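Going down the list, the protein sequences come from chains A and B. Throughout, the numbering used here is defined as the position within the first sequence, counted from one, plus 2. Throughout, the numbering used here is defined as the position within the second sequence, counted from one, plus 5.
Simulated from the structure, these hints should not be mistaken for laboratory data. You may find that some hints are simply not true.
[As the list claims (entries may be wrong)] To spell it out: a stretch of chain A is covered by chain B in this simulated footprint if at least three of its residues, at any positions, have a beta carbon under 8 Å from a beta carbon of chain B; those stretches are:
id: 1; segment: 513 to 521
id: 2; segment: 527 to 535
id: 3; segment: 542 to 554
None of these values were measured; they are calculated from a predicted model. Beta carbons are placed, not taken as given, at the ideal position from N, Cα and C, and that holds for glycine.
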Amino acid sequence: MIDFDPSTAFKITGLIYLLMPLIAWVTLSRERSHKVALWCGGGFVFGIGVILIGFRGFIPSWMSITISNILIFAACLVRIQSLRIDLAIPWRNISIVVAVLAFAGAFEFIQDGFDNEPLRVQFALLVDGSLLIYQSSLARRIAQAKDSRNANWIAGVYLLLGSVLILRVVEMMAGGPVPTVLTSNLTTGLMVVLGLLSAVVGNVAYIGIFLERAYARENKSLETQRNLSIALEQISAAVAITDERVCIEYVNAAFTKVTGYSFAEVAGKNPRILQSGQTPLKTYREMWDNLGKGLAWEGELLNRRKNGELYWEELHIAAVKNLEGVVTHYFAVKTDINSRRQAAEALRINEHRLRLLADNARDVIWDRSPDGTITYISPSVETVRGYTPAEAMQQTIAETLTPDSLTTAMEFFMQVVSDVKSGQTPKSFRGELEFRCKDGSTFWGDVMAYPIVDDEGGVRILGVTRDIVEHKRRKIELENEARRLTSQLAQMDRQRSLGEMSASLSHELNQPLTAILTNAQVGLRGVKAGRFEAERIEEFFDKIIFNTRRAGEIIDKIRGFIRPAEVTQVPVDLQRLASDILDLVGPEAAQYNVVVIFSPYASPMWVKGDATQLSQVLMNIYRNAIEALRESELREIHVQLMQFGDRLSLSVCDTGPGLDPEMLQKAGTPFLTTKAGGLGLGLSIARSIIAQHQGTLSVGIAGGGGACVDIDLPLLPASAEVRL
Amino acid sequence: MTNPAQSAAVPRRAVTVDDVRLAERCARGRIVLIDDDAEIVDALTSLLDLEGYACERYPSALSYLHMRVFNRPQFPGPNCIVCDVKMPGLDGLELQRRLAELDDTPLLLMSGASGAEEAAKAFRAGALDFLIKPIEAETLLAAVAKALSVSTDRQRLRERRSELARRIASLTRRERDVVRCVARGEINRDIADQLGIALRTVKLHRQRGMEKLGVGTVADLARLADEGGL
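Chain B on its own, in the form it takes in the complex (with noise of 0.2 Å):
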């Protein structure tokens, strides 16, 4: 988590008609359409409109770049990318470079040409999916779909993350202590051994560690330690 998508962070108020609609939109799913062709990137967003997604295009990878850079508010929901393979200046697969450094977006590339090197290229740098041109509507949209919940799936798990953050920062050194020696299985004897404190003392801070982690019982509190990066 060094760098939470800043989206979900600080999510926007509709205000308007309109933004009402369009949050209920991307509440279902926002697609970023990324393609030169702009014959292309109609045809997309008729269909993906009809399916009730809410619809970004951009003719290139650069201007979509571009407009992270000022880092606009955003509804929340499940998002991803459709790019292009091929286009001038920055191609999908350099585009998708530079979002792994940024987010994890879910990204699909489309490609004209079904060359082998190019998709394995694309998978090896963590593309969702390669769809090959001209995509059949029902097979973009399963990946779209499957995109859109992989994106769900991690901004839960993003939240979760952070939420267990917010909890491991509210102990204090003692507690984390003890709930680390605690959450590796060790009894409370050993413990006190270990750390030169009273057994009553360990008792005490091992209660209080595991109530504000929101733990009951030892079994949740190792999972916790173990994905809290406790």
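Bound conformation, chain A alone (with noise of 0.2 Å):
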């Protein structure tokens, strides 16, 4: 057994449980926060209670027992709370209180309501026992959380202490005397043991816990230190880092890459030999106004290299304070952005000529994001829709466009949705579009649509809309000018032929009037001779009527030949026509003894056209064949019509000498002839109307070896005969 004096012993345990969280308390005086102030605070309240315990008989026994239980109580719940904190799981303090209440409530109604000592004994020995193994459990949860062995000791100690008090509750159940915490025995001895070894480690441990810490915290931080440098010398950015005089201490290599400078060249320096001068003074000023107020600043300076060559910087700094809040250094990232900002301006130019583009273009552009509104219409929207711009970017799909169009376009876009759903490039759309315009009236625009698909699978519409009406308009005042010049020039061309025809021409008019002039004169001088019977005298008149209607009749077709009237558009029969113009052309043929044969076609042939311009063709081709046939000994023309379905054609071959390929490969080119006096146009003046009537006209070699010249026209159908 071992002698000892219990009291003397518990005195000792207090104050050793009262020093060691002091102790701690002063060694963790860099760590000191909640949860170690709650430890050494309860380490510090159970040494308290236990010196309590130490003077009992000394002391009133209210003092010694119950306060000085309910002191221990309260400190176990403190360090258990502390250790919660740790393992972040703490209880709200409120319920720590209402629990001392309750134990304090519990221990004193054990002794006044059964007046039973030991069982009071029990009680406290059961709870704080408990207590102490479940701080040993939260200690072991902390050590395999955190791989700490200091808390593995903690968590032995108190498991042996906790074990020793429920010991002794068992010992006093199985009939022991019972203890005075004063009496000298095995478990007394134990527990003054352990609670020296306890207060001793318990508190040593928890030191070292935040030993342990330190010391990998310290790890940690070399570490994160060591792989900072390491990227810092390899991130492509330039970083430098000055001391709070801005002299640089430290730059990577891509610093000197970027600059030109090596470190040695630029250490203890100011950044400022970087400068070139020409950055604005105020970015500078605005720089060191926020790095004085402790904000970071970035932004863009225009910088020289070693070299002397310019360049673009953007700049990231910011101050670095220590912890008193003084700036020990200057921190800088600099990235090289010349390639950047060239690039940006590039695209900015590039961004403004197209802007430029499209606002002045005739056509209408747009852009059509993929939630359906229109982000861009260029300002020729007004000239076509009378819409501003902005109007109609505010105008949806079903007021822009009609009905029909809606339709088209709605299917344009199912479509295009559809071909990005099953993973197709979407299609272009290329149509014609009835939009509405601000004055209630339509127009057509030639739609042209390029589905274009973001990241997000939304797909954004480019479009140029251009106007069809204008367009057309264009280009039918551009076929009309060229209709224009060339009835003038088919007008002259009439004028030119009709000159040289005039001889055969007067003379064909000049028979009838010949005639007529004879008759009447010779009836006068019957008459006046009286030797004219009636009958006779009728006879001249018949015979002047007949010669008179013979010349108006000449006189209509040439009329009908030069009528310099705007060019029409009605139908005309060109079998009559045909030969018509053979009729004006027949005084030349019979001068040069040309034979014409003509065969018509059984019925009328009528054509949508110009008489004029139809007969000057006719009269065109007649005179070349009669031409042609000067120097011929057979000198034959046949002409000769026929209808092929809906087209007529109209040949008409000589039996001349022909075209050498080379001139028949030339032949309707305009001032190339063969004719000494000929202006060589008129074959392609008549290839253009023929153009113009929607025909063609060759030029090839007859059967025989002439010429032969082919027209192929189309036939009106048969209605628009019958409404003549």
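Two independent chains are provided; combine them into the complex using the hints.
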């Protein structure tokens, strides 16, 4: 049996319990926190409780028993709370206070209610032991979570202490003497020894936990620092660190690469050696203003490399402060954005250029975002639709298009969507759509739309709308102009032909006139002389009338040919025309002993066009043929009309020398002629006239070797014929 | 006188009443109308008919020339041709060239076009007149009358020349030699010396020759020799 004085032992233990938390508190001065305060405070209270037990008999028993037990209980709870905070599962403080009050109540109730001293001791011992074991298990969890040997020590020592208290309860229940704390026996000895041990080990180990943690932190920070410096050397951004006087202490490899200065060259120098003098002073002022307020700053500077080259850099700079808030370093990250800036500048110019193009285009250019809103529309929309771009952008597609066109557009959108869903590239759209105008009218536009799929699968559509009306109007204007010129040229050509034919035509016209005049004069003479009877005179009048009509017909044909009237589009019987013009050139043909063989078609052949111009074509071809026959033995012209489906074919072939292949190829070229006095425009005018009538004129070789001109023209449908 | 007109040489006899009328008309003037336009030929025929002329009508120059080949006898009288310039086949100008080879019938050309070039060509080839259509009746009649008088003159001249030729042909060789010399104004003695004959013989030939030629004076002889190509 160990013979010792438990009272003294308790006092010593209590003192150590008082002392150790104080030592820990001082030791952990740099790690102080709520949980440390709770731990140390708990230990201190526990110490007081133990000392009060040690003074049992010397002080009133409520103090030695009740207060000390409550203090010990509270100390256990506080320490448990400290560990729970460490484990990040704290109790609420109020529940601790309630628990202490409940314990105090129960403790007093057992004494006053049952007046059973051993029961009270057993209760206190049991509760405290349990709490100590629970405390041990918490320490064990910390040990496992943070791999801490010190926490294991705490767990072990508290487990032992808790176990001894439980052992003591078991001992009492087994009928042992009701122990007073101050009775010296084995368990009391164990309690004292273990109390001492726990006081020392618990607090030392607790400090150990923090030492372990500090060590780990230190390790980690070293590693981070090493990683950081490796990273600094490897990143592409230039990094410079200066001291508080802005003298360079560190630069990384990228800094050398960007600026051309090595660390040796810039060490201890002010980074202003990089200044080009072209960065606005305002920028620097703004930078130092920010740094002075402790804010980081970023901006763009135009700096100069070691080789004198200017470059743009993006600078991120921040002041580094120590714990006292004093600036110790400046940390600067610089990125060479020269190429980026150039690219951005090029992009900006390009965008500006495109914008300018779009803004000034006659066509309407628009951009439809995936959500269906129009994000851009060129100002030309106002000229075609009357809406300003801002108004047009507000409109829905249904307000923009007429119902039919809306359907077309929607079909296109659906197609695009289904294409995108099935992973295909959506097809672009080309078609005519009818747009609503501000004045209530509509306008037809030729629309080209190009779907562009973005990363999220949304489809924006870029489009161009061309004003067909304007387009068509210009086309028609051009056509009209061409028609007008051709008609002028044709008119000149007709006048020329007529001039050339004037001799034969005036002869032709003078024949009936001669007959008229002579008949009239003879009649007059006969009547004057009284030699004519009435029947004879009638005969003369008949002749005069007949010849006058004859003259009239000739004049009609000539007038039909020279009429400079506007180009008309009326049904013309080409068969009739071909024969009429033959009559006009008849005298000329006769003069050169040319025989014309005309093979008409069974029925009239209606074409839509201008009779005068078509006459001219025929006249031209006939006269060419007559001319070609001048030197020939056999002088025949075969004119044949035929019908092939809805087209007619008129061929005029002569028995002349024909054309050699070279001439054949060039026939119809303006100003190319085989005739000495000709302009060479006849056939080219004829060709353009026929082309304006949607027909073709071709020159070839006839069966007999002569030239053959074929005209192919569209026939009017039979209905048009009936209408006439 | 290489090719004297046959019609003049072999006059046609009038046997019927129509023939007599035609002969009367022909005596006034026979006009050949050539034009491809029947209306004009009709009108002109009416006009000339009214004036008492005989008219022959042909639709083309070729048909006229064709008729000429048959050489049908004609009633005596002046004649002329009125022809259109522009005709299919042979035109007026071409006809004129061909006719010039045949006889001296006066030719009047008509044209619907007043081409100066055409007219010049016609006159150069010997056309008597160039009439521009439409032709005034008076103008035509005046031109026809003129042409007929030219024709009369030419026929007379032709007759006279053939008479002269006949007379010259009746001279003997000596007579012709002597008369030729006389006509040149040589005196008898010189002629006798030149021909190597006696002065008396010269005088005899001269007298006979002048009798045969029907001239009384040396001046007449000289003019006749000049005219008849002695």
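How the hints compare with the structure:
no., hint, verdict
1, 513 to 521, "holds (count 9)"
2, 527 to 535, "holds (count 4)"
3, 542 to 554, "holds (count 5)"
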